[in-house]
Amino acid sequence: MTSAPPEGIGIDATAASEPAVAPAPAARPRRRFRTHVFVFIAPAAAIYTIFMVYPLLDSLRLSLYAPVDGVQTFVGLDNFVHLLSDDLLSDAFWNAVWNNLVFFAVHFFVQNPIGLLLAALLAAPTLKGRSTYRTLLFLPTTLSVVIVGFIWQLIISPVWGFVETPLLGQSSTALVTLALMSVWQYIGIPMILFYAVLISIPDELIEAATVDGAGAWSTFWRVKFPLILPTVGIVSVITYVANMNAFDLIYTVKGALAGPDFASDIMGTLFFRTFFGFQLQQGSSTMGATVATMMFLLILAGVLAYFFGWQRRIQSYQL
Amino acid sequence: MRSPELTAVSTPPVASRTGRTWRARAGVAVPHLILIAYVVVACGPIALIVMNAFKSRQAIFEEPFAFPTPSTLDLGGFETVFTRARFELYFLNSFIVTVSTVVLVLLLGSMAAFALAEYRFTGITLVSIYLAVGIMIPIRLGTVGILDLMVRLNLVNSLAGLVLVYTAMGLPLAVFVLTAFFKQVPGDLKDAARIDGASEYRVYSLALPLVRPGLAAIGVYTMLPIWNDLWFPLILTPGEGVRTVTLGTQLFLGQFVSDWNAVLAVLTLAALPMLALFIIFSRQFVRGLTSGAIK
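Sequence order for the protein chains is L and H.
Per our numbering, residue 12 is the first one in the first sequence, and the count goes up by one each step.
Per our numbering, residue 13 is the first one in the second sequence, and the count goes up by one each step.
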């Protein structure tokens, strides 16, 4: 996978520019085998390999196996065929995919624009009380999803009486309500990322635009927005990845069954049920791995679309 | 950030009285109105929960927006929480897991990042990409493999298992961000130390304090999702003795769902540590994000 650093902080780029800065870096010790390099990198690489890379590859491998007479046997793509063709399973799978995309879309169209608006207001140089606002606006992001789920469950509970309709109990409203709870929590992430870039825009650029008679509105859209486009891309892909593997909120509020009638079922809850079983259906590690592999492919597709579609285009505009 | 003199210079001095039109005043007020409105949206629900946790059941429903007064004060919810569940133990577990992970991620992550920023060796690009891939791939997708591995290593229902998984999860971003920070450390300092005969390990320990903003940001960024995670505690450490606060809260809430006092109390208890920590460290967090990661 090409996971090149987004904004050209590539190792090679910096290394190439090094001689220009310091004329004599060649004086650095260049020994044959440098033990310290190994000592520095090995522990991190080992933990990452054993507890992340290996289990991921093992899960991908398991999706090609199935228990036959109690022994894990290689069955090729049978699990995937089963997942996509079995009436019950494929209905559940496509329902989860669709719900997950809706869940993501709500974040994309509500969370990110509001996050950008708040960041733009916070980044205004004349704003008073900026750090207080910043801290307060970020507070919900520090909470656990379990807490967020219950806070909102209490607040919109008809028992307390602020809201009359059982928003979480109707299949037509449950998913969007849950997505909005999640938006409420995570809005701090796009806000802080946009804010970080906005305040790094050189003052001269803004001043030049102001001298040319541009108001705050057109300065934002004509000068600042094009400069933060790369961050818009990064925020979008982060939102996508985070939402395609969401689970905690829906599990907390609606349980593993993601009711009512699977109206709020997403990939994460489907994976959990497939792996551990629920009600009468038995859990299966190989079918669980199959669902996880499908999640992996969906996430990979999104990330690759970002790198090859969006980021390439942005770079060519910048040149 | 910006000095007051500079702002004073850039505003024409004459504009002070006559120029303060309705438009200019709105230009100052509107951002504040929008921000305050959103602060209410963001913090109102939290305040509502914390406030009502200290009130009697009757007061919760009759006057939810009122502050607790001596007549409505009721700490029964907190009593239920501590008598019916072992929250002090859950807090300790979460604390051990979070602190161990943050220490490991910062130590091992900064070591690897130092090497990637400092040395040139064959395969460096490959190693960087290999470690960076983990930023984009959620570790949860490997849950089947992780559970399998933990069973084989006999680490199910052990805090060490959680720490190892979370460390693996936190390392990719830590290495990536800290590499950018280490590249900004001036070379003179390191070369001077080398001329004085310092070992490479000594050079690393000299460079480490200079990337403190990066360490702070990564620390906060690593800590939050771990303290708040439900998925791995649910799967790897469901046992009573090794339960974390988040899982303990989730189970408690499921059990006491109709006891509003207890529910509000447990929500307040579980939320406060991270809220307090964030309020204390938010400046470092933002500074770390704005000074290194995006340059």
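To be clear, the hints were calculated from the coordinates, so they are not data collected in a lab.
Hints may be right or wrong, so weigh each one.
Okay, the calculated beta carbon distance ranges per label pair [stated by the list, open to error]:
1. PRO198(H) <-> PHE49(L): 35 to 43 Å
2. LEU201(H) <-> PRO124(L): 28 to 36 Å
3. ASN169(H) <-> ALA227(L): 29 to 37 Å
4. ALA116(L) <-> GLU75(H): 45 to 53 Å
5. SER270(H) <-> GLN290(L): 52 to 60 Å
6. GLY266(L) <-> VAL52(H): 53 to 61 Å
In the DSBU-like style, the derived pairs of lysine-lysine whose C-alpha atoms are separated by at most 35 Å in a straight line are [stated by the list, open to error]:
7. LYS235(L) <-> LYS195(H)
8. LYS139(L) <-> LYS195(H)
9. LYS235(L) <-> LYS139(L)
Here are some chain L residues pointing at chain H (derived, C-beta under 10 Å) [as the list claims (entries may be wrong)]:
10. ALA55
11. VAL117
12. VAL121
13. PRO124
14. ILE125
15. LEU204
16. SER229
17. PHE282
Being a predicted model, the structure only gives us computed values, none of them experimental.
For each residue, glycine too, the CB sits at the ideal point set by N, CA and C.
**Study point:** Numbers of unmet hints, in rising order
**Key:** 1, 2, 3, 4, 5, 6, 11, 12, 13, 16
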